[in-house]
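**Q** Top line first, the protein sequences correspond to chains U and R. In this text, residue positions in the first sequence follow the working numbering: the first is 1, and each later residue adds one. In this text, residue positions in the second sequence follow the working numbering: the first is 1001, and each later residue adds one.
None of these hints come from the bench; they were simulated from the model. Since no wrong hints were added, every one of them can be taken at face value.
Derived Cβ-Cβ restraints for the label pairs, each shown as a range:
hint : chain 1 : residue 1 : chain 2 : residue 2 : range
1    : U       : Glu-3     : R       : Gly-1043  : 57 to 65 Å
2    : R       : Ser-1020  : U       : Leu-108   : 17 to 25 Å
3    : U       : Leu-108   : R       : Tyr-1179  : 43 to 51 Å
4    : U       : Val-217   : R       : Ser-1020  : 24 to 32 Å
5    : R       : Ser-1029  : U       : Leu-108   : 12 to 20 Å
6    : R       : Leu-1187  : U       : Ala-261   : 44 to 52 Å
7    : U       : Leu-108   : R       : Trp-1045  : 31 to 39 Å
8    : R       : Leu-1018  : U       : Val-281   : 37 to 45 Å
9    : R       : Leu-1018  : U       : Glu-177   : 28 to 36 Å
10   : U       : Tyr-147   : R       : Phe-1178  : 53 to 61 Å
11   : U       : Val-217   : R       : Tyr-1046  : 31 to 39 Å
12   : R       : Pro-1100  : U       : Leu-108   : 52 to 60 Å
13   : U       : Ala-122   : R       : Ser-1029  : 42 to 50 Å
These stretches of chain R come out as covered by chain U in the derived footprint (C-beta under 8 Å, 3 or more residues):
hint : segment
14   : 1124-1134
15   : 1313-1327
Everything numeric in this text was worked out from a predicted model, so none of it was measured. Each residue gets a CB set at the ideal place from its N, CA and C atoms; glycine is no exception.
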Amino acid sequence: MLEAFLTSAITMATPILLAALGELLVEESGVINIGIEGAMLAGAFVALAIAYFSGSIALGLAGGVAAGVAINAIFAMLVVNLAVNQVVTGTAVSILALGLTGVFYRKLFGVTGKAFMVAPIAKIPLGALARIPLLGPVFFNHNALVYFTFILVPAVWYVIARTRYGLRLRACGERPEAAAALGLGVVAIRWQALVVSGALTGLAGAFLTLAYANTFVENISAGRGFVALSVVIVGRWNSWGLAAASVLFGAAMALQFGLQALGTVVPYQLFLALPYALTLVVLAGFGGQAAAPSALGEPYRRD
Amino acid sequence: MLSSIAKPFAALALAAALISIVLAALGASPLGVFAALAEGAFGSWYACAETVVKSTPLVFTGLAVALAFSGALWNIGADGQLTIGAMAAGAIGPHLGNFPHAIAIATILAAGVLGGAVWGGVAGWLGARRDVNEVISTIMLNFVAVQALSWAVHGPLMEPSRAYPASSPIARAARLEFYFAPSRINLGMLLAVVLAAACYMLLFRTGAGFELRAMGRNRRAATFFGVRIPALTLWVMALSGALAGLGGAVQVSAVSHRLYEKLSPGWGFEAIAVALVARLNPLAVIPAALLFGALDNGSQAMQRAQGISPELVQVIQGLVILIILAFDTPAWSGIREHIFGAPHDAAAPPPVAEAPDA
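Please take these sequences and the hints and turn them into a complete structure.
**A** Here you go:
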């Protein structure tokens, strides 16, 4: 029971964490992308459609990554090159992706939406580690995407905190004009962050369809992109914090499914609302954007 | 540089071209789809009436968004504010059976106003007192509202037989009447039009409206001229929420007569497209809402005739917003810098937006 719950919590945390790590890179560069929901949805749909018709999980994953990058490229063209409002663009991108995936899903799989399933991605137990009681099954018996995601946590932390590239990234997010004056290409760096983020978010979407649901339904991301946005705030713009927040919210989701099945008196909606409510509490408590990059959300325009 | 007259047409042409490409990829004829949409929205007297009914919540949420955006307050939360307003109306509605019609109507609508104002006000307060970006707070409040409604119709507000996750129907006295049954034409649209005029007056004919627009144009300069940004933020978010909440109450009072999960199909987000097409002008929100209401209404007929699912409407909404953003419309100079970034020309004032806000 406990083992199943904890395993499910890690599984649930994975797509959220993947998207949140991408969003962290983007926000460090000074851009807020509330269109992650759209990139995730596009990744989920394209990954499943390609995997279903080609029979190849690898092609499906690649398709999911490409779809996420494509959605973020639309976003980047508008907010990075044309310097238009990031919030409104992000919202539009999400609406567009919701519409496109809905329309093409119906076209490919009929008005009744006959279930189109794919085989789940195989789990890879990590040898002796997977045989440790409780910890083994919870942490060391997952598919490759889960391991990849959690390995990314120290990797992203290292890149942001310890490398020259991370320093440039943060300079763009703190003082873009100063960064540009020092010869940094703010536009190029923000584009790079958005492309990497698009790949990670598309992969998060692919995880939903190929590793978790094994099918697609309309709006399958169900707000997970916005939970990723919460994770970045609750995790205080720190990779390790993001991982902790993702696991916490993953646990809330897992608990919610368990409670719904058990039919307890505790309303399951409480757990579904938890990430969002907790974000509000954290923001109210810490007071605004104390830990956020200074230039977050400000358009930057080359003179 | 395109002239200000050519630009809107170029934007419209680009939107039509992109939508046609999507339709071609779906194997549908663009002309056939557009014709089916128009037929579904305006093909009969009843269809026209239903277009008006479907546009009504969009006027309320469109006004809510236009007002907040005018002050560069990015209220993404009209959907949550509408939901909470509808919840307040749906909670009080069944208990108004013993009141005169006018009082029952006034009460149920006031409940919606109050509910929406509280939900918008929370975001306003967080922004004013805790320096929390309203974008994030309104997004989070949207999801909390959705879950609150889901909980309410499964729990405290669930109808007595407990067969469906829906609330008890509201009392007859609290329902806005259908004047031309079987069409669902009701007083809601008239109220929306009156409010659009009121918002226009507020925004362009009062000192508070001037301060709001000044804040939208340049926050720092507005501070220098004595605009109290925190107080204005709180009141505008509460007012914006009240408008959306009233839209929710009107929907419950006139159309749905009860609460159920996912009451709003996304009116608060569609409102962003409405407000941008209207260039944040409250009077222009009415035709813009009718345009998107017509698309919503026509989409069912389009699905029957052309086999394209109604989600096409969301594709259109998303594309329209993106194209409007990309086509920097100069007529919209007041808030242009905030939405479209600093202007190109050298004569423009130095970009104050780069300095941290006070």
